[in-house]
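S.K.: Each residue of the sequence shown is one higher than the one before, starting from 1427 at the first, in my numbering.
Source of the hints: derived by calculation from the structure; they are not laboratory data. Keep in mind that this is a model prediction, so the values were computed, not measured. For glycine and all other residues, C-beta sits at the position ideal for the given N, C-alpha and C. Treat the hints with caution; some may be incorrect.
Have a look at the derived ranges for each label pair, beta carbon to beta carbon [to be verified]:
no. : residue 1 : residue 2 : range
1   : Thr1862   : Glu1561   : 55 to 61 Å
2   : Ala1647   : Arg1450   : 34 to 40 Å
3   : Lys1861   : Glu1735   : 44 to 50 Å
4   : Tyr1812   : Asp1579   : 26 to 32 Å
5   : Gly1817   : Thr1753   : 57 to 63 Å
6   : Arg1450   : Ala1587   : 20 to 26 Å
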Amino acid sequence: MKPVLALVGRPNVGKSTLFNRLTRSRNAIVADFAGLTRDRHYGQGRFEQHEYIVIDTGGFELDAENAMARAMAEQTRQAVAEADVALFIVDARAGLSAQDHLIATYLRRLGKRCVLVANKAEGMGDKGQWTEFYELGLGEVIPISATHGQGVDAALELAFADLGGFDPSPDEESNGEHVIRLAVAGRPNVGKSTLINTWLGEDRLVALDQPGTTRDAISVAFQRGGQKFALIDTAGLRRKGKVFETVEKFSVVKTLQAIESAHVVLILLDGTQGVTDQDAHVIGFALDAGRAMVLAINKWDALDAYQRELVKRSVATRLAFIPFVETHTISAQKRQGLGPVWASIITAYQSALCKMPTPKLTRLLHEAVQFQAPKRAGMFQPKLRYAHQGGSNPPVIVIHGNSLEGVSAAYKRFLEGRFRQAFGLKGTPLRIEMKTARNPYARKKP
1427 MKPVLALVGR PNVGKSTLFN RLTRSRNAIV ADFAGLTRDR HYGQGRFEQH EYIVIDTGGF
1487 ELDAENAMAR AMAEQTRQAV AEADVALFIV DARAGLSAQD HLIATYLRRL GKRCVLVANK
1547 AEGMGDKGQW TEFYELGLGE VIPISATHGQ GVDAALELAF ADLGGFDPSP DEESNGEHVI
1607 RLAVAGRPNV GKSTLINTWL GEDRLVALDQ PGTTRDAISV AFQRGGQKFA LIDTAGLRRK
1667 GKVFETVEKF SVVKTLQAIE SAHVVLILLD GTQGVTDQDA HVIGFALDAG RAMVLAINKW
1727 DALDAYQREL VKRSVATRLA FIPFVETHTI SAQKRQGLGP VWASIITAYQ SALCKMPTPK
1787 LTRLLHEAVQ FQAPKRAGMF QPKLRYAHQG GSNPPVIVIH GNSLEGVSAA YKRFLEGRFR
1847 QAFGLKGTPL RIEMKTARNP YARKKP
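Just need the whole structure built from these sequences, with the hints factored in.
M.R.: Set out below in structure tokens:
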């Protein structure tokens, strides 16, 4: 499971600039959902062997009087609660302020691991210019320039020091017992609680409730039809009698972490509302993470024929970027349509871990080229020579040849369709990488 960093500080100290620098590896805000203030954003980054989630917050004014500032402060409190480390950012040029003292007192009282960062320190070579920040009692002060990147690595090194105990990604886990890690993702009130209770209660499955810290998703081990599963819940489960009650409090961090740690993600939609922007964000993140998916439209029994047709059109148009994902219509409350969902979960898992022999891949590649060759790009005709598997979960096919930089996205989709059909891949993304052979006769630069 990825560690979470929260950027905290009073307004205009450079939090968003630092956020953009920390997330440059993914170069995107991965979640800016309705219901969260626009000043709280989630992104991803990588530093050395560490992948992490970073939260950008609005200005933290603990003594704010206006409603907007109070709302921003509450969002910051939630971000700090979700985080493993708080990066407390101060302005090296403006100097120490009363707000900095209030924030430092708040962080010390929480006992949250904290790294004190003095931003805008470019050109300030004399350490004496920021020694005043030691008054905050938060240990070493790391001078940085978020704009130019100076000192950012030092701040991250300190942030990740002694941080351990995070679960590996599914790619790194031992798969000896073939436990399928299944994440159920969806907006609040789409029926996750009802669906989970149906699964865990209907079949009288032995489930283990393993609550972690605030940041942890909860993993529930159970078995169905001889197959072991680990259900990763994104809302939080607590035992209530013989069933589980879902606390329907949407957490972006838990959703992202659950998706990252899963083999298969079950995306649950509310049939009465169609596909929302928030649904598309979650699906987009799962796709970017390379996770296999199954789509289930809940509350289907509550729709008439006209409404059902509208929902089908909404899915077809708004989710056209995932044509490989199997879609099911269900009623979790009435326990209708759940059997085929399980079959699709197994299929998606098997597809994500599919083994593709090099001879078969190369033969399929040659057959595809013979059927339809790639178009010439510039002076050279792309030559696709052989292919091999470069990874799994998601499966990656690496194609070698000459002048492959000219292969169009449309032709890659054509190849993807041929490979999918040949190996029966459903539910999983399939990535195709092109590697052009080095020209031994190319003139070397002196």
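S.K.: It remains to establish, for every hint, whether it holds in the given structure.
M.R.: These are the hints, each one checked on the structure:
1. Thr1862 x Glu1561: 55 to 61 Å: Because 57 Å falls inside the window, the suggested range holds.
2. Ala1647 x Arg1450: 34 to 40 Å: Holds - the Cβ-Cβ distance for Ala1647 and Arg1450, about 38 Å, lies within 34 to 40 Å.
3. Lys1861 x Glu1735: 44 to 50 Å: 45 Å, holds
4. Tyr1812 x Asp1579: 26 to 32 Å: 40 Å, violated
5. Gly1817 x Thr1753: 57 to 63 Å: With a Cβ separation near 26 Å, Gly1817 and Thr1753 fall outside 57 to 63 Å, so the hint is violated.
6. Arg1450 x Ala1587: 20 to 26 Å: With Cβ atoms ~22 Å apart, the hint holds.
In this structure, the earlier hints numbered 4 and 5 are contradicted, and the remaining ones agree with it.
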